[in-house]
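One-letter residues, chain by chain:
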Amino acid sequence: MAEATKSYNPGHHPDLAPPSGAVGVIGWIYQNLFSSWLNSIMTVGAVYLLYLFLPPLFQWLFFDADWVGETREACSREGACWVYIIFWFKQLMYGRYPDTELWRINSAYALLVTAMIPLFIPAFRWKQWLSFFLLFVYPIIAFYLFVGGSFGLVHVETALWGGLFLTLVIAIVGIVAALPIGIVLALGRRSDMPIVKALCIGFIELWRGVPLITVLFMASVMFPLFMPEGVNFDKLLRALIAVMLFSAAYMAEVVRGGLQAISRGQYEAAQALGLSYWKMMGLIILPQALKLVIPGIVNTFIGLFKDTTLVLIIGLFDFLGMAQLVGTNPDWVGFRIEGYVFVGALFWVFCFSMSRYSQNLEKKLHTGY
Amino acid sequence: MAAHTQENLAPSKPPIWNDRRYRALFYQVFVLVGVLLAGAYIVNNTLDNMESRGIASGFGFMSKTAGFSIAEHIIDYQEENSYGRAFVVSLLNTLLVAAIGIVLTTILGFSLGIARLSQNWLISKLAATYIELVRNIPLLLQIFFWYFGVFLPLLPLPRHSYNALDSVFLNNRGLFAPQPIFEQGFSTIVIAFCVAFVGVIFMVRWAKKRQKGTGKQFPIFFMSVVLLITFSFVAAVLTGFPLSWEIPKLVGFNFTGGVGMSPEFVALVFALSAYTASFIAEIVRAGILSVSHGQNEAASALGLSRGLTLRLIVIPQALRVIIPPLTSQYLNLTKNSSLAAAIAYPDIVLVFAGTALMQTGQAVEIIAITMAVYLTISLVISALMNWYNKRMALVER
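First to last, the sequence lines map onto chains H and R. Basically this note's numbering = 1-based index in the first sequence + 958. Basically this note's numbering = 1-based index in the second sequence + 86.
The following block holds chain H by itself, in its conformation from the complex (with noise of 0.2 Å):
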């Protein structure tokens, strides 16, 4: 009883610890996935689907999977038939390429690779150099590796290129071309002059108002058309055009976005203190706005990369395309959803860690004004 009446001395008596129900696993539980009568309901049946669907998946894709093996008899047929892509890995990766010239894919691969790495080291000093390397050296040096036909390399023709080489090819030659006809385009749609302004805008609103696709059957059947009688245009060379073509479009209204974001004001500073037009956009403005639209362009490439997929409609057989011609091979009959898969797979990784990466440059270059 003493107890009770006894009046409290301030910080003299221990917190009680929350009921147990509030906190840790159980706490975390209750408020999370059972915090109401629906909740519970959308839980447990939630927890029923995956219980219908992820064990028989895992049983396919790895357990009753097979993984070694030369021919399609390894494949017991229970389980999905890695085998297959691993028979197959060749073509996948590198479409015809001949097998002796491979090493001039990887070397590009690794030359790209290695000089990529410092500039994601924020310490690196020379990153300006190494970008110039990257943007105009390096294209001459991946060109000889790949076409051949002089410093003793022997000429391979387009036509063997395939497979996620091709995909990536296309996809980088598209975005790094796109990206400076894209800015002019932009500039051209925000300037004053009336018909190179209306000259930009009819340009970028008919890319962007079709498809790819036709985009690529223009491609294929009118490039050849308007040339001189006689010119022969080589079938990647057409594909590459178009997707500049199109993505040059949407990068142009990714750089537009950037540039209506700089403030008025910087336009109106770099008028007083002289500069010309040129001068004004090179120094002040352009390094503004690319700065702010890089997640932009790192998004319409990551839509750019998967609509690469679209040249096997015009012919040419890219990651995708090589997945889809393997597939009708009569030895391998049945195997398509494997080849589905890894391709799938392997393009959400690129695709994912890209977004990821965004996303995360995003967050690092809003400095909050």
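Since the hints were derived computationally from the structure, they do not count as laboratory data. Please note: incorrect hints may appear among the correct ones.
Partial pick of chain R residues on the chain H-facing surface, computed with a CB cut under 7 Å [said to hold, decoys possible]:
#	residue
1	A110
2	I223
3	P224
4	G271
5	V435
6	A439
7	M457
From the three backbone atoms N, C-alpha and C, an ideal C-beta is built for every residue, glycine too.
Use these hints to put chain R onto chain H, whose structure you have.
Just chain R now, with coordinates in the frame of chain H:
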């Protein structure tokens, strides 16, 4: 001295090559001439090439006999019909895919977006997994996966179809559903429904006026539903239920009767809506999150119920953020429906830029028509959405 200052104050007139206006004029003329020259060069080459290859020009082919069949058509079509008819048939196919795809993807996308915001951890994570999985894989791959990977090999023969309620059947020939047959007298029900609808409009007006005047509320929603259902039901009873369903039947190796949808169509619509929904879900989530928490609190301080808060406060503000990107997703879906060509669903690209182009060789005209179709669709959808957006936009003082 004074004259000297005067002279200095007079605005200096730059030489003509330094004047901004003349420079702008010069640049524009320069660009225009360049574009025109390039255009003329291309047109000239094209005409030469077409002449030397013996390709006809002009749109005369549109009235010639097409001579190829189209597997799926909403309106009547035979091989002896003209290219023009084939064009309309394939255009309708494209529009059908786009329309159904837009409806399905909106439902799926909004559900996913709301699920992503659910307080239930598992549901939210499941939605996030779906979104991240689907939007990072190329659409064409997904279409191939469903069509070549799942529909053709894994679905059963018509004899062993999956069925729901013995009326909807799914097998490797497609999806078959009952078709409504409107018998005589059905129009009476439609008329009754319309009458009820007009009545509802008047009732809503009256109720609003009364609420403004007296503050008394009227159960608008409940009364509207009652009114619509009673009118239609009474009409249906009076005319003796003039609606029956034609249920698909297995005849030989395939189903006949009912509404049949080919596996190409089903795979295409399925993949398109599943893919676009993952983008819409993110848009919806961002839209709902953009409504600041203070709005919710203010609404509950005013004493609005949860449902009313959602309907009157949150959704109208979220829609403002959602609509512009949603429009571009609808446009994307419409444009992506051109991937139908890859699995041989007879849309405009396959029929027109494929078969018709092969037969006539008139690349320029046919590609131009195909592009014009998509451009028109794009412009119409974005015009409609801009109009709607303007109506919903924030009205500031």
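Non-conforming hints, listed in increasing numerical order: 4
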